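**Student:** Chain by chain, the residues run as shown.
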Amino acid sequence: MSTYEINTPTVISEVFAGETVVLDFDTGRYYSFNPSATKVWDALDGGTRVDALACAAGVDTETVRDFLSRLHGEGLVRRKDDECAETRVAAEQAGTRAPSPPPAFDSPLPAFERFDDLENLLLLDPIHDVSAEGWPKTREVAKD
Amino acid sequence: MHPVPRVSVVVPMYNRERYVQAALASVLAQTRAADEIIVVDDGSVDQSCARVKALASPIIRIIRQENGGIGSARNTGIAHCTGDVVTFVDSDDLWEPRKLEQQLAAQARHPQVDLFFGHLVEFVDRASVDVEAARATKHEPRPARGTTGAAVEGWLALTMMASRASLDRVGLFSTETNLGEFIDWFHRARTLGLRSHLLPQVLARRRIHDSNTVSTENPADYLRVLRRAIVRRREAEQKASRGRVSR
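Chains as they are written, first to last, in the working numbering: chain A, 1 to 144; chain B, 1001 to 1247.
Treat the hints with care, as some may be off.
As the list claims (entries may be wrong) - Label-pair restraints from in silico Cβ distances:
| hint | chain 1 | residue 1 | chain 2 | residue 2 | range |
| --- | --- | --- | --- | --- | --- |
| 1 | B | Gln1112 | A | Ala52 | 53 to 59 Å |
| 2 | B | Pro1111 | A | Thr10 | 40 to 46 Å |
| 3 | B | Ala1054 | A | Gly73 | 53 to 59 Å |
| 4 | A | Ala104 | B | Gln1065 | 34 to 40 Å |
| 5 | B | Glu1176 | A | Glu119 | 19 to 25 Å |
Said to hold, decoys possible - Some chain A residues flagged as far from chain B (calculated, every beta-carbon gap over 10 Å):
| hint | residue |
| --- | --- |
| 6 | Ile6 |
| 7 | Pro35 |
| 8 | Lys39 |
| 9 | Asp42 |
| 10 | Ala43 |
| 11 | Ala52 |
| 12 | Thr63 |
| 13 | Arg65 |
| 14 | Arg79 |
| 15 | Pro101 |
| 16 | Pro102 |
Source of the hints: derived by calculation from the structure; they are not laboratory data.
Predicted model only: the values in this text are computed from it and were never measured.
The beta carbon of each residue, even a glycine, is placed where N, CA and C say it ideally should be.
Working from the sequences, and respecting the hints, build out all of it.
**Tutor:** In structure tokens form, the structure reads like this:
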């Protein structure tokens, strides 16, 4: 059975009150994951198998598979230990049923919202003067 | 708006002794002169202030403060400037000579627009960067889009010209994060319905050097900014929804 992992380091995330915010630096898109998707994402952090992800989120494996397929389509996850990911994904998709439509964000099933309204700014911003020589990280240090 | 607007330039600065003179020279060389330049020294411990004073320009004022980050430094500059329009240049970047002239002309043509931007190009400052050594590490300085020399849309404070009224309407820059403070500000401006215009001309040059930092060094700030943007968007949608129901 397939395993997936988060597409680090270009994809980063943080949980805010049960909702995960995800940013893809490659595309400048950002996402909000609902609580069910947050459970899958949390479990995914350890490269967990699909059946274990389903167990973690309390949904069936097909639901998780569809969700992972959508994440893969967005470029947020990659297949783990897969030397020819594109070929296998294509083969798998050709030989299986079509994924179900994405559930609503407020449903109990894993779902996400995608935002591209700040794409131009996010793609520009990664170079910024924040380092020991430039803007100091005093605030960050203070938080620790 | 006054027929001949007074133009203020806000320059946040922290330990930029190598670059600040070039940045200010690019402002002083404008074909349409700025009326005042507010340099906010954010607690530099190098010779940055001496470099600014050495320019001996009557329109430059230096405001010193304890280190508070780039958002705080910009806010201090905004508090001290007196212009009808406010512009920004970071102390390591450069304006093109006709930046102010072209933006003021655009403002005269489009008085209904609140914020003016332009294109920029990025350049690697090879004098400051041991490129070969840097390549061996994840700290390799790189342009944001990997296209040094090509013009990109400059949705940054570096190219922005804002009327004072627009700045007052949106409010100050966030001081809660060291990254993404302009993204946060611009999202607030857009949520309020402010109108932006992007000039086709290249108005600025952004220096890529050895103390730029790749965002993944400190990414959590971006996520906090984006979380606020998501919440702000939902609140605006709910407000609009209530408005529709009440009608």
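**Student:** All hints, please: hold or fail.
**Tutor:** Cross-check of the supplied hints:
For Gln1112(B) and Ala52(A), the Cβ-Cβ distance of about 56 Å falls inside the hinted range of 53 to 59 Å, so the restraint holds. The hinted range of 40 to 46 Å is satisfied by Pro1111(B) and Thr10(A), whose Cβ atoms lie roughly 42 Å apart. Between Ala1054(B) and Gly73(A) the Cβ separation comes to about 56 Å, which falls inside the hinted range of 53 to 59 Å. Take Ala104(A) and Gln1065(B): their Cβ atoms lie about 48 Å apart, and the range 34 to 40 Å is violated.
Hint check: Glu1176(B) to Glu119(A), Cβ distance near 23 Å, so the stated range 19 to 25 Å holds. Non-interface status of Ile6(A) relative to chain B is upheld: no Cβ of that chain comes within 10 Å, the nearest being about 13 Å off. Even its closest Cβ contact with chain B, about 15 Å, leaves Pro35(A) beyond 10 Å, as expected for a residue assigned away from the interface. No Cβ of chain B comes within 10 Å of the Cβ of Lys39(A); the nearest lies about 18 Å off, and the non-interface call holds.
Look at Asp42(A): its CB is around 15 Å from the nearest CB on chain B, clear of 10 Å, so calling it non-interface holds up. No Cβ of chain B approaches the Cβ of Ala43(A) within 10 Å, the least distance being about 19 Å, so the stated non-interface status holds. The claim that Ala52(A) lies off the interface holds: its Cβ sits roughly 26 Å from the closest Cβ of chain B, which is beyond the 10 Å cut-off. Under the 10 Å C-beta cut-off, the non-interface status given to Thr63(A) relative to chain B holds; the minimum distance is some 24 Å.
Arg65(A), annotated as away from the interface, keeps every beta carbon of chain B farther than 10 Å; the closest lies near 27 Å. For Arg79(A), the condition that its CB be more than 10 Å from all CB atoms of chain B holds, with the nearest at approximately 22 Å. Remark: the non-interface label on Pro101(A) is consistent with the geometry, its nearest Cβ contact in chain B lying 22 Å away (cut-off 10 Å). For Pro102(A), the shortest C-beta to C-beta distance to chain B comes to about 18 Å, beyond the 10 Å cut-off, and the non-interface label holds.
In this structure, the one hint that does not hold is number 4.
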